[in-house]
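Could you build all of it, start to finish, from the sequences and the hints given here?
Line order of the protein sequences matches chains A and B. Numbered per UniProt numbering, the first sequence spans residues 1 to 190. Numbered per UniProt numbering, the second sequence spans residues 1 to 190.
Some hints could be false.
Unchecked claim - For lysine to any residue, the following SDA-like pairs were computed, each having C-alpha atoms within a straight-line distance of at most 20 Å:
{"hint": "1", "chain 1": "B", "residue 1": "K122", "chain 2": "A", "residue 2": "N103"}
{"hint": "2", "chain 1": "B", "residue 1": "K52", "chain 2": "A", "residue 2": "K52"}
{"hint": "3", "chain 1": "A", "residue 1": "K52", "chain 2": "A", "residue 2": "A69"}
{"hint": "4", "chain 1": "A", "residue 1": "K179", "chain 2": "B", "residue 2": "S74"}
{"hint": "5", "chain 1": "B", "residue 1": "K52", "chain 2": "A", "residue 2": "H98"}
{"hint": "6", "chain 1": "B", "residue 1": "K52", "chain 2": "B", "residue 2": "R36"}
{"hint": "7", "chain 1": "A", "residue 1": "K52", "chain 2": "A", "residue 2": "C73"}
To be verified - Covered stretches of chain B (in silico footprint by chain A; criterion: 3 or more residues with CB under 8 Å from a CB of chain A, positions within the stretch not fixed):
{"hint": "8", "stretch": "40-53"}
{"hint": "9", "stretch": "61-67"}
{"hint": "10", "stretch": "155-162"}
{"hint": "11", "stretch": "177-185"}
Hint data in this document are derived by calculation from the structure and do not stem from the laboratory. These numbers come from a predicted model, not from an experiment. Beta carbons: idealized from backbone N, C-alpha and C, even for Gly.
Number of protein chains: 2
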Amino acid sequence: MHYSSPFGPRERLLDAVDELLDSASINGMGVDAIVRHSGAARKSLYRHFKSKDELFSTVLQRRSERWIAWFECSTLARSIVVSEQLVGMFDVLCDWLHRDGLNGCALLNAAAEMRNTCREIKLVTRAHSARLLEFVERLCIASGATNTHALARQLLVLLDGAITLAMVEGNADAATDAKEVARALVAGTA
Amino acid sequence: MHYSSPFGPRERLLDAVDELLDSASINGMGVDAIVRHSGAARKSLYRHFKSKDELFSTVLQRRSERWIAWFECSTLARSIVVSEQLVGMFDVLCDWLHRDGLNGCALLNAAAEMRNTCREIKLVTRAHSARLLEFVERLCIASGATNTHALARQLLVLLDGAITLAMVEGNADAATDAKEVARALVAGTA
Chain A
1 MHYSSPFGPR ERLLDAVDEL LDSASINGMG VDAIVRHSGA ARKSLYRHFK
51 SKDELFSTVL QRRSERWIAW FECSTLARSI VVSEQLVGMF DVLCDWLHRD
101 GLNGCALLNA AAEMRNTCRE IKLVTRAHSA RLLEFVERLC IASGATNTHA
151 LARQLLVLLD GAITLAMVEG NADAATDAKE VARALVAGTA
Chain B
1 MHYSSPFGPR ERLLDAVDEL LDSASINGMG VDAIVRHSGA ARKSLYRHFK
51 SKDELFSTVL QRRSERWIAW FECSTLARSI VVSEQLVGMF DVLCDWLHRD
101 GLNGCALLNA AAEMRNTCRE IKLVTRAHSA RLLEFVERLC IASGATNTHA
151 LARQLLVLLD GAITLAMVEG NADAATDAKE VARALVAGTA
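Next up, the structure:
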């Protein structure tokens, strides 16, 4: 059964890659599988995208926007107290890790797989990281913390570390470990 | 020019994959490239390894052993004071990130790429993580810290976060951010 969508071939190709991305790596995903899963005609892939790299970087860009929007909303919804939002980020992360089968972050995984072999994907993963840092830094500023940039960087290291370690270990314990450190940092006792 | 080695075909295949691993992903590395780079005969690949997965997991296992041995020695050599070794780990990490072209950790990259598609590789990457935790925990115990397991877990999250973020950003700043958090945790002010 291929993926069915009321949208045109471009959207169907993007949705198909997005779905396949949870179980396959970028280099492990063949054009045949993408075309089959999308239900689009093979020639539409090269009509709508210059290359496989462009297709993948577009999918990753959409993932990044969706994830950041969801992460921001979920974090802000946890509390009206900013310092509690900063710590609560790690509960949001923990829920997400559980729900998404501990596959880790598609953007971090793509960066790890492609590294310097694809410039478009590198730029998308780097922009994702910068966007997450920006959100964390906005919260740090709102919390009235001193040295907000340093604090935001430290929290970003903890977020990436928790995602990576949870993916390797196959459980979300790392998010809890990271949360304890975040709590101390935000309380200013670190 | 293929990789030249005084060793037999098995060792040459392992060395070739080990070298290629810094510029290519696992799924991005074809059998042709491996055979060409090793200078071994194609048939020797399947004589010495049951599958490509076995070849890759053997290479990653060797990497893990080499990296952990190097990381332990370099960390222990930094100071005779254990609490300084725990913080100094992040300087060791920073040096390594600079030297190795910010490609990140081959084991973490393999885990991110392969996730649940290859059991052998998953087990090797998980064992690598457990071995690193064990070393950090030994240092935590020797430092006389209270709650050594929790501290070791937190330092492991920081190590993985620094490696991942440095790889994404293409610079080693994250190791310095992580070091500042580690310093506070080890000093017990966190």
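Here's how the hints hold up against the structure:
no.: 1; hint: K122/B <-> N103/A; verdict: 12 Å, holds
no.: 2; hint: K52/B <-> K52/A; verdict: 25 Å, violated
no.: 3; hint: K52/A <-> A69/A; verdict: 26 Å, violated
no.: 4; hint: K179/A <-> S74/B; verdict: 29 Å, violated
no.: 5; hint: K52/B <-> H98/A; verdict: 31 Å, violated
no.: 6; hint: K52/B <-> R36/B; verdict: 15 Å, holds
no.: 7; hint: K52/A <-> C73/A; verdict: 32 Å, violated
no.: 8; hint: 40-53; verdict: violated (count 0)
no.: 9; hint: 61-67; verdict: violated (count 0)
no.: 10; hint: 155-162; verdict: holds (count 7)
no.: 11; hint: 177-185; verdict: holds (count 6)
The structure does not agree with the numbered hints 2, 3, 4, 5, 7, 8 and 9 stated previously, though it agrees with the rest.
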